[in-house]
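**Student:** Chains as they are written, first to last, in numbering that gives the first Met the number 0: chain A, 0 to 715; chain B, 0 to 611.
Rather than coming from a laboratory, the hints here were simulated on the basis of the structure.
Any given hint could be a false lead.
Unchecked claim - Straight-line alpha carbon distances no greater than 35 Å define the calculated DSBU-like cross-link-like pairs of lysine-lysine that follow:
id, chain 1, residue 1, chain 2, residue 2
1, A, K314, B, K100
2, B, K286, B, K251
3, A, K177, B, K63
4, B, K286, A, K177
5, B, K197, B, K251
6, A, K319, B, K563
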Amino acid sequence: MRKNYLVRVLTRLNARTSQPLRFLCSAPSAAGVELKNVTKSNFEPALTELRRHVREADFVSIDLEMTGITSAPWRECFEFDRPDIQYLKVKDSAQKFAVVQFGVCPFRWDQHSTSFVAHPHNFYVFPRQEIAGDGFSYEFLCQTSSLEFLARYQFDFNTCINEGISYLSRSQEEEALKCLDSVYKDDVLDVSSNLGNGSDMQLVRMADILFAERMKNVVGEWRAGLLRGVNCGSESPGSLNDTNQKFQTTFFQTRPALAVNGLTSRQLKLIKLVTEKHFNDLTYVHVTGESSCRLPLIVYTDSAKDRELLKGEVKACQRKAAEMSIKSAIGFRHVIDLLSSERKLIVGHNCFLDLAHVYSKFIGPLPSTAQEFVSAVQTYFPSIIDTKVLLNSDDVLWRIMKKGSTSLSKAFSLLCLLPVAPTSTSNGLADKPRVKVDVQVDGQRFSNWNSGAKHEAGYDAFMTGCIFSEACFRLGIDFNPQAPGSILQHNEKLQKYINYLYLSWVNGDIIDLKTGKSGTDSLGSATGRQRWHTKFTFSNMILLWGLPTKLKAKDIRECFYKAFGSGSITSVHHLDETAAFVQFSRAELVSDFLELKDSLERGNKNPISVLHPLSRILETGCVRAATYEMYKEVCCSPLSEVLFADQAERIGWKGASVDVNGEDDCEREGETTSPAFPKQSSASVRTSAAGTRSSMNLQTDQIMDSLCRSAAQLSR
Amino acid sequence: MYLRRSLCTQSAAGHRRRRQLPVKQVIKSNFSETIAEFKDSIFSSDFVAVSLQKTGGYSAPWQKLLPIDTEETAYLKAKRAAERFQVLQFSVCPFSVKASKLIANPYNFQLFPRHEVKVGMPSYSFSCQSSCLTSMAQEGFDFNACVYNGISYLSRAQESAAKVQTGSVLLNSCSFQSTSAFTVADVIFAERIKTRVKNWMNGCNNQHKTEDTLISSLRKLVGRSEIYGSRPSLTIDVCSERQVQLTSEVLKEFVNIVLVRAPAKVGVEAIQVVLTSSEEDKNLLVKEIQDLEEEQGRLVSGFREVIDLISTSQKPVVVHNSLNDFAFIHSKFLAPLPPTMYEFTSSLLTVFPHILDINHLMKEIGLFNKMNNLSSAISYLDRRFSTSTDMEVSNEEETGRVNVHGHCVMRECYLFIKLCSILKISLEIREGGHTQLPAALQRCSNMFFSSDARYPFDDDVRIWTGKSRTVSVSNLVFLWGFRSGMSAQDLKDVLCNSHDVFSEEFDVKMVDRTCAIVVFWTPGFSKSFLRIMDSGELFSNKLKDMISEGLQAADYETYKGVCKSGLWKPDLAECLDQATNEIKELSGAKTQQQEQSLICWNNDEMINLDEL
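Starting from the given sequences, assemble the full structure and let the hints guide the process.
**Tutor:** Quick look at the structure:
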């Protein structure tokens, strides 16, 4: 019993520590590795440079920093999560949280110096809305503990928000272009309609009337001058003197035009009104200038036909500008496009979540199943290698890691930092020299760098790359290439690790990106067998929620043993404080339990139900039970309530065959909620539950008392 | 890194060159020292202005407060926002008006929901609207300072849920109700305790008597005497609250001891009896323990202490947008928001009895919602009404520090006073006459939602005729499922003359890009339109095409249902779709309540909708 309780505690611990795997890393020491920090101000030149580096690289390592990992405690990874559930949890995380830093580090093998040259880049990313009104929600979630974590490592939030590079995913770009199509397809659209219906405006204020009159004169004189053939380019008529900073003669596509500067929108409306009213051959339009600001122009046209032509031209001009603004909003996605188009080997450390983020932020909405997701990922990134998989699956490397933690910083210090151990180790590889890695930033090359665990994405990416190169070296891979650039991803020794990722580290499920198949230990390594041995029969599991908070796994187990005999359940796992999974030893016990629960709740307050061993579990009166499939449904939901019980309630799940209880609840809560929307606030349930609980307790106590008394009498 | 950050902070600060009055900046490190000062200033002033800086306002265009919202839906929208987003900055300005001079003490608190006491509290996660963060950044908000040094807090509900021991650990001070009749067991227990304590005290007092170290340590072991701080103490195990009472009752006769509840070990309760050398020493110890408790309590409630102080001071609270701001205050610092507006207001008013909404005052002088922005409202009023108010800020300027935050609350104060002077409301409250607000203010306090329909004074509605008209929500019909990119005018053109119901005057406005609303100015036409949509009666061709393409219609109840259900999807059309499906499933289950709520239909306001 105690062992089982321990298991629960361990799994919860596991789940908490291994998800944000960077938590495990050592405290930051003096920063030693130079990083290229990229913000929106130096993005363009940095991108050009990065293109060259990636093209020449042998592999590229990546790492991401996010604003959070899980949107609710029960969305953490548990060992009893089936692969499809694991994917749903990763999907939820990638959809809700934002990426704030993106580390990209191309590694190139330099034959002359027989060392790798790394170019660590640290991109600050922020999902700023660059295109107005595109209908996408630029909203993201922050997990408080993750922000605290970032703060602990001196993450610069100001730089991220002020200077972060924004981005547009492929699907967002397509959508925006489509939207543009529909706007500009319409022929009836008035070019100047953006100003609202100007003709509706009436001259009511004295100031308006005077201004309009003056404008009429100004424009009229300009037109007259134009028609007289006077060269208006430099000399303005006398009356324009006072306003000639505001009016300038220019040309719009070979037509003479008057540019209007520095007026308020109301004044512009008046000008438009005047132009339309009094001058047939003048048209008021807005064009987008070189500096991408909108420039109001009054353009002279020869004829009605010419005027139509002008409108078309203006529209084309506007469309082009809009397209340009969409193109420029792509921002950081250029880096992803670059990595994808160069088809280099991508290296990450426990990077399934990272890839999900990359997909959902820069490619499109995440597919609903892991299989679809991985096959889509493969089309963009044909070869991915995960250093965590590599270290845990290869027996040689696993021994070098001393069979211990394979967290990023631990692996880095063991493989790449610690002085090579004197050769008493059996593998005989440890006495070999290490792979040399030089860091190159902005043309400067550093061969001697200290460790600098700064928890910046760029540095983490660098560490990942170093681990990978060292691991390759220990595997005996020769870096001197026959075919430069692509040697590593076709190397035989690496082949069996490429495109395998941990779906979740907690239960060691590895997913094969090529086939979409997943399962524990699919690489057949010894470590997998050692580490993860718990097997779950999901059809034997039921999910209970709405449990009393103080109930421990031990207690639940005891209750079930009393009710169904010892050995009836194999394990109890807490999902959060009010929800738990119970795994029965036999499938038929699942239905037995549901029936029993039903009948106990139906005979609400009779002594049998009160005295029944399960009453301790059911005492809150709002305990629900369901099969494993329901868990999946809850995980699918976009909502994220903190407590699982609230979440299940919100999405309208009453559990399997608890109708009797359900009716009861409806009656009680009917006053506050309309039946059309049966989601009530959890608070009301809580209070009502608490009420019934106390009355129930009282009864139990009374009965126990009377029993004791009678027992005492008997013994006497 | 550090250098970089400080540089960028300063350059951001440099943007603000307006004349600014000093606002005291409060972060984690100077919170405890500021709170005493804050307490004084709040109790000595007549009003308190508050202003909140949040991480977001609404997730989708239709989810912000729209003119089509009734009180109920407006509350649900505010509730949604308050539950999702986070307050990062809370500015408070206690102020009073003396001799037409504003005396203000502005404070600006940086908040961050750090997990100080328990993991997951006060908030596991929160949402951010990136546009909101960007504009905060432009104003020079320092996010690093906020995350690194922001003050954490727990709401009242969370505090009690976290089961943080709030009861005093001191037992002497507590007075118990006279205990019921002593049983034999009680008497025995009491006597045993008494003799034990007596023996122990004797032992302690006779310590100068030389004693073998072995014996003294044995004595300590057997007698369970320990050291509490620097004073000797004795631990007594108890097994019920009754025994705790008995012990304290019995030990009353010993003058120089202090009873302390021992830190609870699992399952075992115990009392520590601490021996002090004199009355003076006893008082010292009691004070020590009380201070410690206060400190701990402060750590638990954190920033909420400010809210508690505002509440206990019972001063009128001045805000700019009361519904939204107080939804945040309620959900972050008091308790989770109740499902209905009625419960919300009644719960809130027990904590804050007088809430004055500046927006509401603006309406009184004829500035409708147009002036959502504080600065524009101020400059507008400055232009139109030339009353000047002196500002006097009593916080001394901190040297070498640029105060960039929290000026919103100063603007609020200023605007409030300006409005009151225009409305000829005297804010000078005489000494002692605290709780009584000027009648004019009393009248308009606690108006959270002020559509004209709810406005108690008919006179004021007239100002808006021509611009806004009141329409019953039963005359509104939501339309969706039309081709994307259609404008309100396009829709109106299609609808116009397509059927008899559109022969009279009607209006079409867009709610968001997927959904429009049709306003029938003739009562009853909305019902018939909906009926016709259902029955499939013939319309003109164009409208028929649209219906075959998926055009749908629903009444206001459906919209209400959407707000109630928590289906907050980005497009209203999708929500309405889902809600109508659910209603169809449950049709007949309930007769729809006939509710004659009215909303204000304001043409000026609706123009904004097109720009969404």
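**Student:** So if I understand the rule, the pair passes when the alpha-carbon distance is 35 Å or less; does K286 (chain B) with K251 (chain B) pass?
**Tutor:** Holds - the C-alpha atoms of K251 (chain B) and K286 (chain B) are around 19 Å apart, at most 35 Å.
**Student:** Holds or violated: are the alpha carbons of K286 (chain B) and K177 (chain A) at most 35 Å from each other?
**Tutor:** Measuring from Cα to Cα gives roughly 72 Å; hence the hint is violated.
**Student:** For the pair supplied as a hint, K314 (chain A) and K100 (chain B), is the alpha-carbon distance within the 35 Å limit?
**Tutor:** violated, 57 Å
**Student:** Does K251 (chain B) lie within 35 Å of K197 (chain B) when you go C-alpha to C-alpha?
**Tutor:** Cα-Cα ~12 Å, so holds.
**Student:** For the pair supplied as a hint, K177 (chain A) and K63 (chain B), confirm whether the alpha-carbon distance does not exceed 35 Å.
**Tutor:** Holds, because 27 Å separates the two Cα atoms, which is no more than 35 Å.
**Student:** Hinted pair, alpha-carbon criterion (35 Å max): K319 (chain A), K563 (chain B). Please report holds or violated.
**Tutor:** Violated - the C-alpha atoms of K563 (chain B) and K319 (chain A) are around 43 Å apart, more than 35 Å.
Consistency note: the structure conflicts with the earlier hints numbered 1, 4 and 6.
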